[in-house]
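Protein chains: 2
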Amino acid sequence: MPSAASRGQGHDRRPENEDSSAADDYAKERYGVSSMIQSQEKPDRVLVRIKDLTLEKADQEVWVRGRIHTSRAKGKQCFLVLRQQQFNIQALVAVGQHASKQMVKFAANITKESIVDVEGVVRKAFQKVGGCTQQDVELHVQRDGRATVNQDTRLDNRIIDLRTSTSQAIFCLQSGVCQLFRETLIRKGFVEIQTPKIISAASEGGANVFTVSYFKTSAYLAQSPQLYKQMCICADFDKVFCVGPVFRAEDSNTHRHLTEFVGLDIEMAFNYHYHEVVDEIADTLVQIFKGLQERFQTEIQTVGKQFPCEPFKFLEPTLRLEYQEGVAMLREAGVEMGDEEDLSTPNEKLLGRLVKEKYDTDFYILDKYPLAVRPFYTMPDPANPKSSNSYDMFMRGEEILSGAQRIHDPQLLTERAKHHGIDLEKIKAYIDSFRFGAPPHAGGGIGLERVTMLFLGLHNVRQTSMFPRDPKRLTP
Amino acid sequence: MPSAASRGQGHDRRPENEDSSAADDYAKERYGVSSMIQSQEKPDRVLVRIKDLTLEKADQEVWVRGRIHTSRAKGKQCFLVLRQQQFNIQALVAVGQHASKQMVKFAANITKESIVDVEGVVRKAFQKVGGCTQQDVELHVQRDGRATVNQDTRLDNRIIDLRTSTSQAIFCLQSGVCQLFRETLIRKGFVEIQTPKIISAASEGGANVFTVSYFKTSAYLAQSPQLYKQMCICADFDKVFCVGPVFRAEDSNTHRHLTEFVGLDIEMAFNYHYHEVVDEIADTLVQIFKGLQERFQTEIQTVGKQFPCEPFKFLEPTLRLEYQEGVAMLREAGVEMGDEEDLSTPNEKLLGRLVKEKYDTDFYILDKYPLAVRPFYTMPDPANPKSSNSYDMFMRGEEILSGAQRIHDPQLLTERAKHHGIDLEKIKAYIDSFRFGAPPHAGGGIGLERVTMLFLGLHNVRQTSMFPRDPKRLTP
Chain R
1 MPSAASRGQG HDRRPENEDS SAADDYAKER YGVSSMIQSQ EKPDRVLVRI
51 KDLTLEKADQ EVWVRGRIHT SRAKGKQCFL VLRQQQFNIQ ALVAVGQHAS
101 KQMVKFAANI TKESIVDVEG VVRKAFQKVG GCTQQDVELH VQRDGRATVN
151 QDTRLDNRII DLRTSTSQAI FCLQSGVCQL FRETLIRKGF VEIQTPKIIS
201 AASEGGANVF TVSYFKTSAY LAQSPQLYKQ MCICADFDKV FCVGPVFRAE
251 DSNTHRHLTE FVGLDIEMAF NYHYHEVVDE IADTLVQIFK GLQERFQTEI
301 QTVGKQFPCE PFKFLEPTLR LEYQEGVAML REAGVEMGDE EDLSTPNEKL
351 LGRLVKEKYD TDFYILDKYP LAVRPFYTMP DPANPKSSNS YDMFMRGEEI
401 LSGAQRIHDP QLLTERAKHH GIDLEKIKAY IDSFRFGAPP HAGGGIGLER
451 VTMLFLGLHN VRQTSMFPRD PKRLTP
Chain F
1 MPSAASRGQG HDRRPENEDS SAADDYAKER YGVSSMIQSQ EKPDRVLVRI
51 KDLTLEKADQ EVWVRGRIHT SRAKGKQCFL VLRQQQFNIQ ALVAVGQHAS
101 KQMVKFAANI TKESIVDVEG VVRKAFQKVG GCTQQDVELH VQRDGRATVN
151 QDTRLDNRII DLRTSTSQAI FCLQSGVCQL FRETLIRKGF VEIQTPKIIS
201 AASEGGANVF TVSYFKTSAY LAQSPQLYKQ MCICADFDKV FCVGPVFRAE
251 DSNTHRHLTE FVGLDIEMAF NYHYHEVVDE IADTLVQIFK GLQERFQTEI
301 QTVGKQFPCE PFKFLEPTLR LEYQEGVAML REAGVEMGDE EDLSTPNEKL
351 LGRLVKEKYD TDFYILDKYP LAVRPFYTMP DPANPKSSNS YDMFMRGEEI
401 LSGAQRIHDP QLLTERAKHH GIDLEKIKAY IDSFRFGAPP HAGGGIGLER
451 VTMLFLGLHN VRQTSMFPRD PKRLTP
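Going down the list, the protein sequences come from chains R and F.
Counting along the first sequence from 1, when you hit position 471 you're at 471 in this note's numbering, and nothing is skipped either side.
Counting along the second sequence from 1, when you hit position 12 you're at 12 in this note's numbering, and nothing is skipped either side.
Certain hints may be false.
As the list makes no split between identical chains, a pair holds if one copy fits it or if it spans any two.
[As the list claims (entries may be wrong)] Here are the simulated lysine to aspartate or glutamate pairs, EDC-like style, with alpha carbons at most 16 Å apart:
| no. | residue 1 | residue 2 |
| --- | --- | --- |
| 1 | K105 | D24 |
| 2 | K51 | D238 |
| 3 | K216 | D251 |
| 4 | K42 | E276 |
| 5 | K216 | D470 |
| 6 | K42 | D279 |
| 7 | K124 | D136 |
| 8 | K216 | E250 |
Just so you know, the hints here were simulated from the structure itself, not pulled from any lab data.
Use the sequences and the hints to build the structure in full.
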């Protein structure tokens with residue numbers, strides 16, 4: 001089994017099967033450490049994917065490249081589990097016509113997590129192979145099995161951690177969230193935009209923003225693409241979305257805060273009422289949920305084995321409650337809170353449970369937040385001066401989207417900024433964007449890692465960020 | 001024509017049609033400045049898109065919301081061109097049963113770039129309307145035409161600039177490039193990943209990197225997602241791609257350099273030869289070119305009106321030349337250069353022209369660059385110690401992708417880094433990533449703005465970046 005991949009032996013590699021009995025090893029050409037693949041040749045050999053090893057391939061000879069997941073030697077046999085992403089199969093190396101006792105010993109000594117090339121015959125298993133995804137078959141290694149031996153593995157390293165079936169499934173599903181988000185919006189006539197991350201002024205007043213040195217001056221990292229989405233609306237792009245990093249210099253060390261996360265952002269001009277936009281956003285999320293349940297059932301089940309949870313439930317059309325309805329439900333459950341008070345995290349979670357009990361949905365919209373708890377650029381509710389045309393969306397009782405109709409009138413925007421005590425000089429460019437004629441518009445930003453976490457019923461956003469960043473973590 | 005959108009008059013707005021003759025204006029209810037849309041009502045009114053105004057709608061009454069593109073009064077008539085993104089139509093307000101002379105005057109005085117709501121009847125045009133996309137019809141404004149008047153417009157503002165047909169077409173096509181890139185790769189079994197932009201160490205030695213203050217320490221902005229793509233390969237994701245911002249603190253003030261641009265990145269494990277990856281990348285670009293020519297013909301033609309150029313040509317399969325073949329072609333054309341010398345920008349362009357003459361393609365691959373001119377992590381060519389398993393791809397003679405087989409063996413990687421005089425301490429984390437077993441892999445990074453620019457035959461990358469960033473520009 002010669003190496004298909006790296007090991008730390010550089011140019012002086014030599015076979016490792018040189019033991020005293022090498023002379024009488026009738027299988028000595030059939031295993032060992034291969035030379036590093038440096039693109040020297042293009043053999044015709046076909047490598048079969050482990051997930052394709054099913055009963056249909058019974059009795060066929062195949063080549064497979066996989067990781068050694070586990071290995072167990074037992075007398076003249078060695079059982080290996082070979083893994084490829086989420087899939088694995090049992091392989092058997094047994095002393096006989098094709099394998100010598102030295103070859104079995106060699107196989108048994110390969111370090112876990114090594115990459116091996118194996119040739120064998122697919123055989124129907126006598127009984128279901130427990131613990132493997134390919135339960136109906138096993139691979140009988142019979143000739144030219146070849147393997148690489150690795151350096152010591154360190155299981156506390158993220159690279160290793162990402163190899164587990166659970167991680168593989170989480171990030172395949174997350175790729176699906178992005179794909180479904182964009183697929184749905186492109187079908188709805190949206191245009192994808194790219195917005196700058198290095199900006200000259202901190203748009204929302206200057207708190208919680210990272211500073212960058214920029215040649216002889218300094219700049220900031222964008223806390224959201226909102227200003228640029230709105231500028232695209234003013235530039236007549238009508239319906240836009242973007243997917244990209246969002247930076248928050250908040251010293252929040254919670255299960256759901258990151259200093260860098262991926263924002264799925266939407267902004268849309270509407271005709272008469274911001275509910276036109278709310279409906280589009282809610283439907284986009286519903287299409288994501290449906291798409292995940294249709295296309296990623298394997299991944300959902302893989303994650304569920306390690307982290308069991310109830311399947312995610314949602315209604316069509318999406319349930320939309322007004323803020324005051326939510327407050328009434330909480331009060332009925334014994335919570336004391338004012339009409340214009342914001343929801344605390346525990347109250348959000350409690351409300352999520354109450355909504356689930358009453359409406360049987362894990363996803364809903366809370367509309368018409370108190371004006372006082374929303375940013376200055378939020379459009380006031382024309383019917384109630386204490387309310388606003390703004391909304392949050394929740395999954396399993398946690399906020400995944402915050403959005404609003406934005407004020408598109410520069411004079412009203414100026415008044416509201418003054419009311420919030422914001423330095424008008426600092427947001428001049430923002431206000432000026434609306435002086436060239438802006439259509440009414442609304443939008444919102446979705447946190448990708450939160451959607452993945454809550455859809456799968458996980459409990460920490462670091463599980464759904466490949467290389468998470470928080471106030472205490474900058475590596476790997 | 002009451003306003004559909006913003007103007008700077010806040011809450012004290014009043015109709016602007018109060019002139020001395022208002023008393024005898026029989027159409028005075030039919031026009032004026034509307035109240036700001038604050039989502040007060042949800043009327044049943046349907047707004048028809050300008051692009052849908054064709055002969056099929058002749059003699060129908062429709063409501064349209066658009067920008068005033070041009071306006072020209074002539075006696076008792078006013079001709080307006082109404083614009084919506086790339087599409088426009090001529091509208092006529094004429095004194096008669098539905099419009100008074102005051103209403104015509106009001107229409108003629110609306111500032112360009114204002115947003116107006118207009119009701120009218122679609123009429124077959126007597127002759128083709130030159131200068132409009134909807135050439136066969138015009139809109140006869142007949143009642144309740146309503147408009148908003150804007151603040152002064154400033155044409156040097158990017159928001160205004162993005163409203164032009166050319167800009168609308170450029171960025172719709174750019175959205176298409178991203179869409180086709182991902183669509184193709186997902187079909188090929190790739191997984192989309194999200195990589196961090198704030199990193200703890202400058203991966204490629206520390207030059208040209210932006211510094212960020214990160215709580216009590218400092219960090220850097222990623223110059224490419226390469227390390228993280230490679231870590232995903234080591235974590236068995238097998239085939240990955242990502243789309244995201246890339247930061248370069250280079251003080252390059254050229255037509256093709258930005259300090260922040262969008263990278264379309266690919267990384268892929270292969271079986272035996274890195275050409276497996278080269279073929280996948282080249283085919284992905286070919287699928288993008290084909291998709292653009294199939295789905296974005298309107299946009300290509302719109303841009304071509306302002307910036308005429310030859311249609312983009314490519315071959316299937318993609319032409320792949322070896323570096324030394326390119327050098328030979330240049331020498332034949334009179335260029336003097338050494339075998340191990342890198343291509344200068346003028347020589348790249350000249351080679352592009354020579355390749356176009358000889359092979360009739362605007363897209364080709366230059367393979368097997370001299371080892372000396374590539375980064376330390378580039379896999380040497382096993383057949384020639386002066387060459388490497390690396391490649392660039394070119395569109396119209398300009399580089400749009402740089403890529404290579406990466407060294408996946410930590411010992412060889414260490415040797416090559418030493419040879420380049422790189423401080424091993426600074427890249428320890430990078431080298432360590434390969435100590436847990438890495439499959440052979442290759443990849444590359446594509447510059448989105450360059451692909452859009454060169455496909456459309458444009459001459460400055462700032463035309464294909466919505467909000468470009470260079471050493472001298474940080475706004476808007």
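Evaluation of the provided hints:
1. For a Cα distance limit of 16 Å, the shortest separation of K105 from D24 inside one copy, 14 Å, qualifies, whereas the shortest one across copies, 106 Å, does not.
2. Proximity of K51 to D238 under the C-alpha cut-off of 16 Å is restricted to the inter-copy arrangement: shortest distance 14 Å between copies versus 44 Å within a copy.
3. For the homomeric pair K216 and D251, the shortest alpha-carbon distance between copies (11 Å) is at most 16 Å, but the shortest distance inside one copy (28 Å) is not.
4. Taking CA atoms no more than 16 Å apart as the test, K42 paired with E276 passes between copies only; the shortest distance there is 9 Å, against 56 Å inside one copy.
5. In this assembly of identical chains, the alpha carbons of K216 and D470 lie at most 16 Å apart only when taken from different copies (13 Å versus 28 Å within one copy).
6. Only between protomers do K42 and D279 lie at most 16 Å apart by alpha-carbon distance; the minimum there is 13 Å, versus 53 Å within a single protomer.
7. For the homomeric pair K124 and D136, the shortest alpha-carbon distance inside one copy (6 Å) is at most 16 Å, but the shortest distance between copies (70 Å) is not.
8. In this homomeric assembly, K216 and E250 come within 16 Å of each other (Cα to Cα) only across copies, at 13 Å, whereas the closest approach inside a single copy is 26 Å.
Hint compliance for this structure: no hint is broken.
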